[in-house]
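**Q** Top line first, the protein sequences correspond to chains A and B. For the first sequence, position 78 matches number 78 in the working numbering, and the numbering has no gaps at all. For the second sequence, position 159 matches number 159 in the working numbering, and the numbering has no gaps at all.
Don't take each hint at face value.
Each pair may be met inside one copy or between any two copies, as identical chains are not told apart.
Stated by the list, open to error - Distance condition first, Cα-Cα at most 27 Å in a straight line; then the derived DSSO-like pairs of lysine-lysine:
| id | residue 1 | residue 2 |
| --- | --- | --- |
| 1 | Lys-251 | Lys-191 |
| 2 | Lys-5 | Lys-41 |
| 3 | Lys-447 | Lys-205 |
| 4 | Lys-94 | Lys-173 |
| 5 | Lys-132 | Lys-384 |
| 6 | Lys-205 | Lys-34 |
| 7 | Lys-101 | Lys-16 |
| 8 | Lys-447 | Lys-276 |
| 9 | Lys-447 | Lys-34 |
| 10 | Lys-101 | Lys-5 |
| 11 | Lys-375 | Lys-448 |
For the record, the hints were derived by calculation from the structure and aren't laboratory data.
Protein chains: 2
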Amino acid sequence: MKLTKKEQSFLDEFKKISHYREASNLIAWDLRTKAPRKGIKQRSETLSYLSERLHQLQTSDRMKEFIDELRLSENPYIRRSIELVQREYDFHHKIPVEEFKAFVQFTSESESVWQEAKEKDDYSMFQPYLEKIVDYNIRFADYWGYEGHIYNAHLKHYEPGMTVDTLDGVFPKLQKDLSRLIEQVKASSFKPQIDQITVQFPKEKQEAFALHVLDQMGYDFEAGRLDETVHPFAIGINPQDVRVTTNYDEKDFRTAVFGTIHEGGHALYEQGFDPKLYGLPVCSATSMGIHESQSLFWENFIGRSKAFWNTNYSTFLTYAPESFKNLAPNEFYRSINEVKPSFIRIEADEMTYALHIMLRYEIEKGLLNGDLNVKDLPGIWNDKMKDYLGIEPSTDREGVLQDIHWAGGDFGYFPSYALGYIYGAQFKHTLEKEINIEQAIEQNELKKIKEWLNKHIHQHGSMKEPLDLLKDVTGEGLNHQYLVKYLTNKYSDIYGISLS
Amino acid sequence: MKLTKKEQSFLDEFKKISHYREASNLIAWDLRTKAPRKGIKQRSETLSYLSERLHQLQTSDRMKEFIDELRLSENPYIRRSIELVQREYDFHHKIPVEEFKAFVQFTSESESVWQEAKEKDDYSMFQPYLEKIVDYNIRFADYWGYEGHIYNAHLKHYEPGMTVDTLDGVFPKLQKDLSRLIEQVKASSFKPQIDQITVQFPKEKQEAFALHVLDQMGYDFEAGRLDETVHPFAIGINPQDVRVTTNYDEKDFRTAVFGTIHEGGHALYEQGFDPKLYGLPVCSATSMGIHESQSLFWENFIGRSKAFWNTNYSTFLTYAPESFKNLAPNEFYRSINEVKPSFIRIEADEMTYALHIMLRYEIEKGLLNGDLNVKDLPGIWNDKMKDYLGIEPSTDREGVLQDIHWAGGDFGYFPSYALGYIYGAQFKHTLEKEINIEQAIEQNELKKIKEWLNKHIHQHGSMKEPLDLLKDVTGEGLNHQYLVKYLTNKYSDIYGISLS
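For reference, chain A alone in the conformation it holds in the complex:
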C-alpha cells in the first residue's frame, strides 16, 4: 500500500493502540481460561492500566490531528480507517470526562448490586441503579447527538447505520411470525426425547469431537486454539491468533459442541480478514450484528442441520457414549432441535431466541424515550413474555433480572443478537444460489462454505458498513422473511407438521 508520510505516521500511531489492545486481549483471555485465582487481583490492575493507556492514545490531540488531516485521504483504506478512529474519539470526547468517569464507576457498583439483587430475587434493590443508568444513557444520547429516535444514538455504536425505523419495520413482523410458528409447534403431537441425549459424556471426548468439527469448518489451528472457560467466547488477540473457548457440561454435550461451533463461526470471521488490512483500524469486524451472523450461521444453519448429522453422526458415535448407538440419526437430529419456550434467553432454541431479544429491544426503546418507567419493568417484562412466548416467569430472577447488560450500562447492544440471525438467514439464502449447501455438507466440504463467507464477508473487515455489506452480498436490505422461511421448513420437517 502506497502511503504518504502523514498516513504512515498515522499507522505508526495506530500500531501503539494495537500493541496495547493485543496485550489487553491476551490478559483477558488468560484471566478467563488459565489465570490462577490469587493472581487475578494484580492482573486486573495491570489490565486497567493498559486500558487507560489505550484510551489515552485513542483520544489524544495527536489522534485528532490525524483525523482532521486525513479524513479526505485519497487512500480508501486510510479514509475508512480514519472514520473508525473518529468514532472512538467522538464516543469519548462528546461526553464530559468527569461524567464518563462517574458512569464507569457507577456501573461497576451497579453490576455488583445487580448480582446480589438477582441472587435474592429482589428487583427493588436494583431499581434505583437502573433508573440512574437510564438517566445517564439519555444524557449520553444528547451529547452524542442523533436523528430520529433517541435509541439511534446508542444503536450506532454496535450496528452503525441501523435505525429504529428499520428495526421497527422488521422486528414486529418477525415477532408475530415466530409467535405463530411456536404456537403451531406447541400444538404438534411430536415431543423430542431430550433424556436420550442428556447422558454422561466425558469432557475429553466432547473436546475431541469439538476439535474435529472446528477442523472440518476450516478453522486454522496454526492461527488459534481451543480452551475451556466458564462463559464461552472467541477472541482475536491478533489477526493470526484468534482463540475459541467453550464450556463442557458432562450431562449435556450440546453446550460444548454447539458452543464451539458458534464461537468457531466468530473466529472464522476474524481469521478471514484480508492480510492487506493487517495493521489498519479496518482490520476488525464491521458490527456486532455481522459478527453474530457468522456464529449463528455455523451454529444453526450448519451445526444443527439434518445434512450435518447425516454426514457426521457415525463419526460422532465414535466419541459418544454407548447409549447413543440406540438412537437413530433422525431421532437424534430431532432431539437436538427441540423447540421449547424458556425463561432464560441464553438457554433459548433457534425458534424462540429472537423473541427474547425483541422483548428487550422494546423495553430499551421505551425506557430511553420515556414511554416506560424503570419501576414498572417486572410487570412489563412478564406481560411481554406471555405475549411473545406464551410463558410467564414466576420470579424476577428468571425475568427482568436475568441479564447483566443493563447493570453494566449497555443500551443498544441486544438488537445485534437478533440482527445476526436475520442477516445470517439472508446470507444463507444468497449462498444457496451459488452452492448447494446440503450437498457441500454431505460431501464433507464445509470449507467451500467457509470460502464463500471469506470472500463475501470476512475479508472486508470494516471496509463496508454492515447494511452496505448486506446489500452488496444479498442485493437487499434487512429482510426477516428468509429466517421465517428457513424456520418454517426446518421445523415442519422436525415436528412432522406443515407449519405456515
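Given the coordinates of chain A, assemble chain B onto it according to the supplied hints.
**A** Chain B alone, transformed into the frame defined by chain A:
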C-alpha cells in the same frame, strides 16, 4: 507501610513498571506455551514495544529524581528498593545509547549466526562475531567501572557482591574435588542400568505424577499452574501467579519429573515473597545464584534423594508403566543418579554439572582480561574438558558452540549455576541442624522444608544481598565443602565404594 508523599509517588511510578513487566511476562509465557505459530510475529512486535516502554520508565529523568531524593530514605524497604532501581538505571545510562542499541542489534544477528554455525559445526563462522561481542563487553565493563578483575563488572549484574577473588578462592578447589570424585566413580564396578528406566511412559501419566510432586512440595496451585513447553522455565507473572513449565520426553520420564521439581523450586522462591513486599522493587529474587540454589535444592537434595524414593516409589508405580514394577526401589534410585561425564552441559548429572560451569567461567575471565583469544577457544575448550571431565568432544557443536549465552552477549551469568549448587548445599547443611530432612521426607512433610526456606530465604526477596543472606542463614561465606561432602556421601552409597 507508612510512606512520605515522595515515597508514595515513587511506588506509583514503579507500579507502571510492574504493569509493563506483568504484561510482558504473560506474553513471554504464552509465546512459549500456547501461542499459535502464525500469531507469533505480531505478538513479538507487541512484546518489543512493551519492553521499550518499560525501559523508558526504568531510565527516565523522573526515576533519576527519585533515586537522588530517596537514596537516604529512613524506610529500609524504600532505601533498598532505590538501590535496585538505581542498578537498572546505571546499567543503561553508563553506556552510550547508540552503542548499546548497536550491541542489542548485533547480538540478535550474532544469535542467528551462532545457530547456523552450530548446525554446520563451523566455529569459524561464529568466531568474528564472538570477537566483537568480547570487545563490546570489555568496553561495557569500562563504562560501568569495577574494582579488581574486569570480570567483576559483569558478575555483579547477576550476583551482586560476588567477585573473582571469592570465586577463585573456591572454584579451583571444587574443580579438583569433583574431578577426583568422578575418577573414583568411573573406576567402580557398579554401572547403573539406564535402559530399565528409559522406557515408554505416557505424557499424561508423567504430568499427573509431576502435579502430585508439586503439590507435595507445597506449590500453591491457586497462585500458579503447570504447562508444557520445549525449554522448561518458571516465571513470576506477578507474585501470586508464578507458573511452572516442563517438557515431556516419553522415552525418559526424568526430563519432566526432575525438570518440574527444579522449576517448582524456582517457583516456591517467588511464591514465598513476603506479601508486604508486593508492589515494591524488592519483591524479586536477590540473585540468579540464590534462585538457582532453590531449584537445585529441590531437584537434587530432595527429588533425587533416597528418602524421597523410599517414600514415593509406591505412588510413582501407580503412574509408571508396568515394567517399573520389576525394579527394586534401590535399583531405581541408583539408576536415576547415574554419574556419567557428558559433553553437553544441560544433560549433565549432579556430580559433573559444576565442572561444565567452571570451564566456562575460566574462559570468560580469560577472554575479558585478554589472557585468551577467541580464535583459540575450540582447543582451549577441549583441553579443559579433558582436564576436568576426562572426555573430549569430537565436534565444536558438542563443545564450544553448544550454549547460546555468548552469542546473546551474556558474560558473567554462568557462575550463578554453580554458585546455586554451592549455596544450596550450604543451606542444606544449616537446615539439617534444625530439621531431620530425611525424616521429613519419609513422613511426607516436604512442607516443613518449604516453610524453613520461606522463612530464611524466600520471604526476604531482595532485601538482602546474596552473600549477606548466605551469611545470615549459614553463618559463613561461600564454602564449597558442604557440596563435596554431600556428593561424597551420596555417591559412596550409590556406587558401593568409599569415595574420598
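**Q** Hint by hint, note whether the structure agrees.
**A** Hint by hint, here is what the structure shows:
In this assembly of identical chains, the alpha carbons of Lys-251 and Lys-191 lie at most 27 Å apart only when taken from the same copy (20 Å versus 54 Å across copies). Taking CA atoms no more than 27 Å apart as the test, Lys-5 paired with Lys-41 passes between copies only; the shortest distance there is 25 Å, against 43 Å inside one copy. Proximity of Lys-447 to Lys-205 under the C-alpha cut-off of 27 Å is restricted to the intra-copy arrangement: shortest distance 24 Å within a copy versus 37 Å between copies. Within a single copy, Lys-94 and Lys-173 get their C-alpha atoms no closer than 36 Å, and across copies no closer than 74 Å, so neither meets the 27 Å cut-off.
Only within a single protomer do Lys-132 and Lys-384 lie at most 27 Å apart by alpha-carbon distance; the minimum there is 24 Å, versus 78 Å between protomers. Proximity of Lys-205 to Lys-34 under the C-alpha cut-off of 27 Å is found in both arrangements, the shortest distances being 21 Å within a copy and 21 Å between copies. Proximity of Lys-101 and Lys-16 under a CA criterion of 27 Å is satisfied in both settings, with 23 Å inside one chain copy and 21 Å between copies. Taking the shortest Cα distances, Lys-447 and Lys-276 sit within 27 Å of each other inside one copy (22 Å), while across copies they are farther apart (56 Å).
For a Cα distance limit of 27 Å, the shortest separation of Lys-447 from Lys-34 across copies, 25 Å, qualifies, whereas the shortest one inside one copy, 31 Å, does not. Taking identical chains as interchangeable, the C-alpha atoms of Lys-101 and Lys-5 lie at most 27 Å apart only when they sit on different chains, with a minimum of 25 Å there against 36 Å within one chain. Taking CA atoms no more than 27 Å apart as the test, Lys-375 paired with Lys-448 passes in neither setting, with 51 Å inside one copy and 59 Å between copies.
Hint violations for this structure: numbers 4 and 11, all remaining hints satisfied.
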